[in-house]
Amino acid sequence: MSKDTRPGFFEHDVEPVPGLPAELPQGESILWQGKPRFGGLARRALHLRWMSVYFMLLALWRGVALALDGGDALEVAQGAAFILLLGAVPMGLLALYGWASARMTLYTITTRRVVIRTGVALPMNVNIPFAVIGSAALAQHEDGTGDIALQVMKPHRVSWMALWPCTRSWHMSHPQPTLRGVAQPEKVAQALGRALAAASSMPVRAVAQAAPGTQPTPDRVKQPAAAAAA
Numbered sequence: 001m002s003k004d005t006r007p008g009f010f011e012h013d014v015e016p017v018p019g020l021p022a023e024l025p026q027g028e029s030i031l032w033q034g035k036p037r038f039g040g041l042a043r044r045a046l047h048l049r050w051m052s053v054y055f056m057l058l059a060l061w062r063g064v065a066l067a068l069d070g071g072d073a074l075e076v077a078q079g080a081a082f083i084l085l086l087g088a089v090p091m092g093l094l095a096l097y098g099w100a101s102a103r104m105t106l107y108t109i110t111t112r113r114v115v116i117r118t119g120v121a122l123p124m125n126v127n128i129p130f131a132v133i134g135s136a137a138l139a140q141h142e143d144g145t146g147d148i149a150l151q152v153m154k155p156h157r158v159s160w161m162a163l164w165p166c167t168r169s170w171h172m173s174h175p176q177p178t179l180r181g182v183a184q185p186e187k188v189a190q191a192l193g194r195a196l197a198a199a200s201s202m203p204v205r206a207v208a209q210a211a212p213g214t215q216p217t218p219d220r221v222k223q224p225a226a227a228a229a230a
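My numbering numbers the first residue of the sequence shown as 1 and each following residue consecutively.
Hints in this document: simulated from the structure, not taken from any laboratory. Hints are supplied without guarantee of correctness; some may be wrong.
Said to hold, decoys possible - For each label pair, taking beta carbons as the anchor points, the in silico distance ranges come out as:
1) 22 with 86: 29 to 35 Å
2) 172 with 94: 34 to 40 Å
3) 200 with 54: 43 to 49 Å
4) 21 with 71: 56 to 62 Å
5) 16 with 65: 34 to 40 Å
6) 144 with 23: 33 to 39 Å
Cβ atoms here follow ideal geometry from the backbone N, Cα and C, with glycine treated the same way.
Model the full assembly from the supplied sequences, consistent with the hints where possible.
In structure tokens form, the structure reads like this:
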């Protein structure tokens, strides 16, 4: 069993097995456990980079507007700084949430399912049996981490609110659970692929893999339920 389990935000003494709501049934075993990296959550789930660009543009616009209205250098600087200060407050709170979420979240791949423990104030475990996973898509990124999105077959669905930020961006009507910001993503995808193949008694196939720094596109995720990483 492979693990990447850095210390959590607090100890989960009530969990009989870390990251799982109950003891494993007979015949089921853990293949991999890991936590998301904060950087991956901040950039791709919380979109803090784009938020910072947005507030910088607002500050620039405010400064230009004040200058065109005849404001002196001090007024222009104060106006721009005020906008940046306003933006720093929500961004700081969101970054704090992302840090806590990265510490609390734990991903588990067993021989039968994927389990995502998520939530900061009210942690919960979301079980995703292999039987409802229609496909998996791996997107690798320049920071060395990757996101593995799971497409849940209809009519099954998961709660976007329960899983966020461990969901694929912009997929709210039919959420896709996502193992976000995992280290050594290829190894994780391989472990998931072998488990899916073994569970379905089919040969291992290649998981759709997006180019580094991109999100998987819909045509890349339409793989059989036994899809896995090469």
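Results for each hint:
1. 22 with 86: 29 to 35 Å: Given a distance of about 46 Å, which is not inside 29 to 35 Å, the answer is violated.
2. 172 with 94: 34 to 40 Å: 18 Å, violated
3. 200 with 54: 43 to 49 Å: 44 Å, holds
4. 21 with 71: 56 to 62 Å: Holds, at about 59 Å.
5. 16 with 65: 34 to 40 Å: 59 Å, violated
6. 144 with 23: 33 to 39 Å: 34 Å, holds
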